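Using the sequences and the accompanying hints, generate a full structural model.
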Amino acid sequence: MSLRESLCGYAKQYPDDSQVIACITFLDAAVHPFDREHVEGHFTGSAWLVSADGERVLLTHHRKLNRWLQLGGHADGDADLARVALREAEEESGLTDLVVENTIFDMDRHRIPARTNEPEHWHYDVRYVVRAMGSEAFVISEESLALAWKPIRELANDPHADESLRRMACKWLARHP
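In my numbering, each residue carries its 1-based index in the sequence shown increased by 504.
Keep in mind that a hint or two might mislead.
Each computed BS3-like pair below joins lysine-lysine, with the alpha-carbon atoms no more than 30 Å apart [stated by the list, open to error]:
1. 675 / 568
2. 654 / 675
3. 654 / 568
4. 516 / 675
Cβ pair distances, simulated, as ranges [claimed, not checked]:
5. 639 / 533: 16 to 26 Å
6. 623 / 581: 14 to 24 Å
7. 521 / 681: 37 to 47 Å
8. 525 / 620: 27 to 37 Å
9. 580 / 623: 28 to 38 Å
10. 541 / 661: 17 to 27 Å
11. 638 / 606: 15 to 25 Å
12. 658 / 620: 31 to 41 Å
13. 614 / 512: 19 to 29 Å
14. 624 / 535: 40 to 50 Å
Hints in this document: simulated from the structure, not taken from any laboratory.
Since the structure is predicted, the reported quantities are computational estimates derived from the model, not experimental observations.
We put the CB at the ideal spot given by N, CA and C, even for glycine.
Dropping the structure here:
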């Protein structure tokens, strides 16, 4: 299934999610939407990396943004964002025995602040559920200040947590009460 088909399927499931329209519009208009060299913005793939029991999610204290977030990163030309999410989850956590769901779990469009050699730009972030089926002993990569398994129920109720993390926690709990 193409990304556009997946986005349209997600839009049917979540008709009130305004992010999906922005993502479809960007996908249809951009020449190289999966390349980080597309300076106005580009697609990224992220992982809602849950424990095998579905009770916890692995989060990163992102080095550049200094915030707790889900694992994920640039597509680097790869239009299969589920594969990108899985690759990023493996690279950023050191975990093996991960399994990705091929349907979109969540979407978010957000501005990335300008840095020394990079202008401010949009990330069109498509998120997938990734399950840890083996060991949960992670390795912190150079992209993170820390990693931590966080209880999803606590995250959903934490008013100080990132808004998109709370949204994903609530979506997860609606699927797995």
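Quiz item: Which hint numbers does the structure go against, in order from smallest to largest?
Solution: Checked against the structure, the hints that fail are numbers 5, 7, 9, 10 and 14, while the rest are satisfied.
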